Structure formats: C-alpha cells, structure tokens
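Residue numbers (the working numbering), protein chains in the order written: chain V, 513 to 998; chain D, 513 to 998.
Derived from the structure by calculation, the hints contain no laboratory data.
This one's a predicted model, so the numbers in the text were calculated from it and none came from an experiment.
Hints may contain errors.
Said to hold, decoys possible - Now the stretches of chain V that chain D is said to cover, found in silico as 3 or more residues with beta-carbon under 8 Å:
{"#": "1", "segment": "532-546"}
{"#": "2", "segment": "659-665"}
{"#": "3", "segment": "708-721"}
{"#": "4", "segment": "848-860"}
{"#": "5", "segment": "934-943"}
{"#": "6", "segment": "966-978"}
To be verified - Covered by chain D, per the in silico footprint, the following chain V stretches (three or more residues, Cβ under 8 Å):
{"#": "7", "segment": "786-799"}
{"#": "8", "segment": "803-814"}
{"#": "9", "segment": "917-929"}
{"#": "10", "segment": "989-997"}
All C-beta atoms in this analysis are idealised placements derived from N, C-alpha and C, irrespective of residue type, glycine included.
2 protein chains.
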Amino acid sequence: MLPYKSLIQLKRNSAIALHIQICNNFITLITNGTLQPTGILPSSRVLADLISVNRKTVKLAYEELISQGWAESVERKGIFVFSSLPVLPEIESIPVTGDSEPKESFLWTNHFQNTHRSESYQKLILTIDDGFPDVRLTPVDQLMREYRSISKRFYGKNFLKYGDSKGSEHLRTALAFYLGNTRGLVVSPENILITKGSQMGIYLSAQLLLQSSDNIAVGVSNYASADEIFKYSGANLLRIPIDDRGMDVDHLEQMLEHKKIKAVYIIPHHHFPTTVTMSMERRLKLLKLAREYRFAIIEDDYDFDFHYNNKPYVPLASIDHNHNVIYIGSITKTFAPALRIGFMIGPSAFVEAASSLRQLIDRQGDSLLEEAFASLFENGEMERHFRKSLKIYEKRRNLFCEILQSNFSDVIAFKVPEGGLAVWAVFDDKVNLAQLSENASKQGLHILDGSFYKNEVFSPNALRMGFASLNESEIQQALEVLRRNL
Amino acid sequence: MLPYKSLIQLKRNSAIALHIQICNNFITLITNGTLQPTGILPSSRVLADLISVNRKTVKLAYEELISQGWAESVERKGIFVFSSLPVLPEIESIPVTGDSEPKESFLWTNHFQNTHRSESYQKLILTIDDGFPDVRLTPVDQLMREYRSISKRFYGKNFLKYGDSKGSEHLRTALAFYLGNTRGLVVSPENILITKGSQMGIYLSAQLLLQSSDNIAVGVSNYASADEIFKYSGANLLRIPIDDRGMDVDHLEQMLEHKKIKAVYIIPHHHFPTTVTMSMERRLKLLKLAREYRFAIIEDDYDFDFHYNNKPYVPLASIDHNHNVIYIGSITKTFAPALRIGFMIGPSAFVEAASSLRQLIDRQGDSLLEEAFASLFENGEMERHFRKSLKIYEKRRNLFCEILQSNFSDVIAFKVPEGGLAVWAVFDDKVNLAQLSENASKQGLHILDGSFYKNEVFSPNALRMGFASLNESEIQQALEVLRRNL
C-alpha cells in the first residue's frame, strides 16, 4: 500500500469539504502516475484511520471519484482506479532553458517578439509621461453617483444583461449630439460604434480595410501602435513626410500615381509624436485625393478635445461629403485612461461590419459604464470636466514650456504645442536618452527613453514630454531632477 | 452677395458662442461649394446688420476663420476665402439604393455579411434565452461598495491610469488562488491574462495558433461564435462527432493519422449547445494525443461554475503536465454578462504574446472593475454569490424540467442537464421553430428560433432553453405561453 498518510494532505480549516480534498488528492495521485490504472484503493476503514477522518468522509470521497469516472467499484473486491483510463506517459524531465518554466509543446506564431511593451503607470510616482491626463481631476464622484443612480433604478439591472455590440444607444445618441456641437460632425447613432479607446477603432478599421500586401500610407513619424496594427494586418506601410503643416499630401499624390493605396492614416490634430496640426488646405486636398483614388482616410482625432489657442480645426469627417472618412476618437484621454470608452464613426455598412468583428473579439462593451458616460454627457458633467481640465492643462503647458525655455534651451529644442498634452522635445545629440532615463529613474523620476517614437526611417534624439499629469509643483520638481541629470 | 440672412442659422440660446456658430456656418458654406475660393466675405458691419448680431461678434468669427486657415485678410480690400484651398468637386447626386444613405466610396472586405448577429437583451421582458444568468441576483451593491472604497483610498485614483495589459495583478493573484481552490488548477499570476469575457480568450488564442489553411478540430455541433472566430483566422474546421461522453477522441485519433491539426477546441463542461459533459477517460486520452501530436487544446470551460449533481470534473488544464492546454474561463456568466471579465491561462510565453496582441486591440481592460472584482474574490463575496445563485438555479432547473416533462413530452425530448444554465430541447419535427419564435414574440415571449445552433453539418430541430434568468413564476408563465403556441 502507498504511504497515504504522507501522500494525502488535508487542510482542516479550509472552506473546501474534506471529502472533496481527499478526492482531489486521489486525482492528483492518478494523474501523476503514482496510482496506476486498475490499482486498488485502500478500504474506507483503513484510510479513515490513516488520515484521521470519519469513515463516512472517505466513503463520500470514493463516491465522488466514481461519479467523476476516476474509479470503479467491483463488488466484494473493493474500489479500483478505472481500468480503461489511458496511461499517461511518465513526465520527462524537461531541459531547463532561460527561465525555469518548461516551454509549451504546441506550435504557434509569436508576431510580437520585438514589439514595444506598454507599461503600467499605476504604481509610478513622479513621471514625465507620453502625454496622459491627470486622473486626480477625473470626476470619479460624479461617475459613482451615476452608477448608483442606474443600479437603483427599477430597470437599471437590465444594463447588466447582454447588450448591443455597437454600444449603448443612449451613449451613441449623446455622442452624436456632442460631436455635432463641438466638431460640426453630423451623424446618427447608426454611424457610431462605441469602442474600447481609440485603439480598438484603429484595430477594427485595419482588419476590415487591409488584406495581406495592401498598401497603407502613414507618416514618416507615426504612432507606433498604429504601425504595429497595420503590420499585423499584413499591410505594407508607405511612409509620407510630415512637416509643420502635417502630412505632405503632394508627396502622397505623386505616390498615388503609380501605387494602389487602400487607406491613409492621419492624426491631424495633433500628430503623434510631433504635435503638429494638419493645415486646412491639406485636409481638403486629402479629401479630394481620397475621392479621386477611392481610398479610406482613417482619421485618428484622439486629441481633438485638447486645443488651447483657438478653436480646434474642424475634422475631415465633418467636411467629407463622400463617405471616405473613418473617424476615430476617444474619451480615455479626457476622462481616464483605464476607463476605455472610445468611438469609431463611418458609413453605416462599415460600422455594422466593424460591430460584427467586435462581437467576435469581445462581444460588447461594459454597458453600465456606457450608460453612466451617457448620463455624464447629458447632464453636462462631461463638458464641464473637459472645460475645467483644459484650463488647468493650458496653465501647466505654459509653466512647463517656460521652464524648458529658460533652463533647457542649451539641450532641448521645441515649439510650444497648440494643443495636446505633451511637448515634442528634440534633445541635443550629446544627450544619451537611454542613459538619461536610467539615471532619472534612480532619482525617482520616470521618463521614457524615446525608443517608442523611432521606426525604420525615423530616429530622432527626441521625446514627447507630457505636462498634463503633473501639477505645478510636480512640474518644477520633475524638471529639476531632469536638469540635474543633463 | 449671397443671401446670408437665410444661409446663416444661429441658435441664440445655445451653449456655443455666437461667433463660433457664425464661423461654423461659413465653413459649411465654403466646404459645400456655396462660397468659392477667393470669394469675398461681407464686411463685418453689413453682416452684423443682416443677421442681427454685434459687429464685434462678426469680427471674432472672421478672426477664427482666418486662424483656422479658411480665409485671409487682404489689406484695404477685405476678407477673402483662402485662395489656395483646393476646390472640392461638386457633390454628385448619389443613386439611392436600398437605404437612403449613400454607400462608402472606398474598398474594404466585409467578412460578416451572413453571420449571426447577437441581440441585445436589455429591453426584453419575458425571455427564454440561450442560458444566461439572472442579473437580478448580481450583487451590484457589493460591487458599488468596492468602487466607492477604491475611489476613496489615497492611491485609488491610480487605477484610472494606464495599467498592465495582462490585467490587474491583484485580480490575477486572487484568481490564481480561486482556481487552485475550486479546480485544482495550480498557476501563477504570470500565466493569467484577464480578458473581456471568454470570447476574447478564444479570439486571442485563435489569432496566435492559426494561420491561413491550418486545421482546427471542433465538435460537429459547436459554439457558433467560436467557429466564426476560427474561420476569421483563415483556418479549416474539421468536425468531430460529439456523443453523450463529449468529443469522440477515437475519431480524432484516426484523423490525426493523416492530417496535421494545430488545435482542438473543446467545451468539456458542458458542451455548447448540447450540454454534454466530457468523460474523464476522454479528457485523459485527449491530453495523451495532444502530447503525441503536439497540438494545442483550447479548453473553453466557461460553464465550470454551474454544476449541480456532483463536484464538476477537474479541467484538462489541471491534469496537463505537458503545457498543451490553453484554459479559458469567464466570470460574465456567474456575475453579469455586461461586466466583461474573463481569463485565459497558458504557458507564460503564450500568455505574454496574447497580451501583446491584446494591447493592439484595446490596450487593456477596465482597471477599476478589475480591482473591484479582485476585492470581491478576496472578501468572499464572489464565492458567496456563486453558491447562492447555484442553489437558486438548481431549483429553477428542476422546476423547468418538471414542467417540460409533464406538459411538453409530446413535442420536446431532453435530458436533465447536470450543469449549465440551459436545457438542450429537441423538438418534434412537426414543430416549426421559426414560426414558434415569431408567434411567441407576439404574445410577449422572446424565444430563439434555433438557427444559432445550426451549421453546415448539424441541423437539428432544437433549441437551448435557458431556465436560469427566469424566477419560478416567470418559468411557469413563459412555458404557458410556449405551450399555447405549440
């Protein structure tokens, strides 16, 4: 007989019933090969004695084993491990590679070995980030109030059921109103898909627009995650220069004469990473080209709500009369990055197909959050928050840029950005950004090393320096640490 | 001069400043071709008179137009529409097709023209669904308490910042503990990716495992959305028979002798749609085959937490010693369908790659919700809720099956399911399910027509009939309506 006294480990104060624990112990012994098929189990009396439990408990455990198909009872002989269980081969000792975990033993494709990994910012203290909002300004109390109000309503719990894959109709209606008001973008709820941030809008568009070897035009500098999405769709990236008026559409026009292009991805407002705003002239010309060459414009306007000097430019989607534009926006940057509400707007058949794909990916969004956001738009809290934070961010931008101007002009070249939450800071060649990031980190300041902004044709010694998530004393503190390390 | 008095429409009581409204009106006139490039704008005095606003307001509007690049001021001559704006071609009248909206004018691929569309259940009253939980049992108040507690903590707002794409470490730790306790599944947080429902786990696995023309084995009957995901990855579906012990692994073995198979998708517990539990013998044999032929097992165990008669069977992932299993589960069915928390468990390199893909899709989950769920697991509320609802659902299953037995035995054949939230009801051939669904709907009962369960080789006259979301009087009411229509 096996040494059951030591093999069977019980926790007397566990929430799991003793007979279930005994049963699980036997399953482990069977599956790891200690107990072989047709092996006999000790009688309930013997085992009860050995492991100091009531005999009834052992009987219950054996019943469980039998009902689960692990064992069978043979009359007058006892209980045996089920004879027709296939014998699992003994576990080979697995050669230890880099890490101690054995490798998986099936075949799959890792597309992502050398891609950029996004970090968590939830545990960092002092950070010059990529251009994130200050979550201390997020009106969480108002959000909680909406949650409570919904959950107390008679029909409120219905929002916990499966909902529409396109997102809450209430939120789509509120957004249609908001987008009309702020951007002159006249759409109906059928043209809107609520997404998880602008990220999902880009992913869905790419999957529908691009087949393997299709061409998509993007900026020479570009949002690296969008580049990765397009590559993941199998597309070729054609790089178009970006200057101080945005994407060079004349260059694009020349390219179009001899290349078929399925889509053009732009961040008109403000270009990532360089913060440039695309001029109205170029916006119109791009629309004209799209009409002529029948390509889609993916307009990633995630930064629309942050424009300081004048009113922001009207989106291409608001001008478009030919349904060439897929308009992507987000509330994550204005409200809170971890509450992933964004939107994608386009021709209704396209939005319908995107919603079908979205169903395959994650079925739908969080209806409760969508309802709460709809109420925040309706009762004006959302716009009040936008206005309030815009004022605060403008002050922070001004302070940040003043300090850069007065204390860093020897090492950093930049333009005061018209909008957005970051400064595009080009460092003097003598500054090693990887080294800077490492040194700053030792002094408690988290700052990127610039690698996220580089690609195969764009390799500046530069960083986006986010000013919005820091209050005024934090800005001073962060820039002091930075200055010490230069 | 254009008839500005009628062309320019102002809302005096709008939240949008008058000068912005005037500016927007001009932009519309320019972009729709009414005002041509180089056209002159009326003097501010004239326009102010015409549309009854202060002259300063018109001046502000013109400044805005100029700063946005729509117009230029020529000294002593006036303000002109900017001369170098490209002329947009006149809008053609678009031929009206089925719907009144013009078609998009770019090329894209609609993979989803004939696929099943999921419905919203949020507005339905009396429903025999596919097997959904009763959201009236969801402990929303406890969730709200966790939300409040998090948002009041000093560091609580940090969960609004960008977080880890793999999901909250806190929740992954709590889940690892829970899965060990309930399923004997010993994993560390690094092996867990928090997903949006089990749906996202299937999508991510398929994208990593399957390339175009790869083979995946699935049941003859199967969860149709999983089939769609695999087809979307470009894979071939090989159909394996399902009997009363689950997937016929001997059939699979024969197939493996002459076909390369990348992955096998199973719902061991309980098969969708037929609610069969896979026997332990077949589970072990499938693991043996996976080891021998080096394929991945996608184990979709979304239904584990709902098993009534005995303890549920131990998952394949808990037995696996060779890292062949990708284990997918969900809390949406146990807590609330619209709060999309699920998990995918696998070898750490695979989970890492899935997390990179997930970053491209939607960056991350909702950190606040994940933290709240972690606390609900930790303080035992989650398990209390599971236990409580399991008891209620068992009663509902019993009542539902008794009524089916006594009042429907002439038209419905079924077995009492050992677990899950639905009965697999095979209807007599004389019943037309589409007609039944339509008629019932007129009498206030929503019931599916069975098309979701069919595929190219499986076409029973059958339905899943969910009993869990209805209380006892609703079950009686729903089945009465159904009976009347048979």
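Here's how the hints hold up against the structure:
1. 532-546: holds (count 7)
2. 659-665: Since 3 is at least three, the answer is holds.
3. 708-721: Held - the segment 708-721 of chain V has 7 residues with a Cβ nearer than 8 Å to chain D, which meets the minimum of three.
4. 848-860: holds (count 8)
5. 934-943: violated (count 0)
6. 966-978: That given contact is violated, which follows from only 0 residues of the segment 966-978 of chain V lying within Cβ reach (below 8 Å) of chain D.
7. 786-799: holds (count 6)
8. 803-814: holds (count 4)
9. 917-929: violated (count 0)
10. 989-997: violated (count 0)
When each numbered hint is compared with the structure, violations occur for hints 5, 6, 9 and 10.
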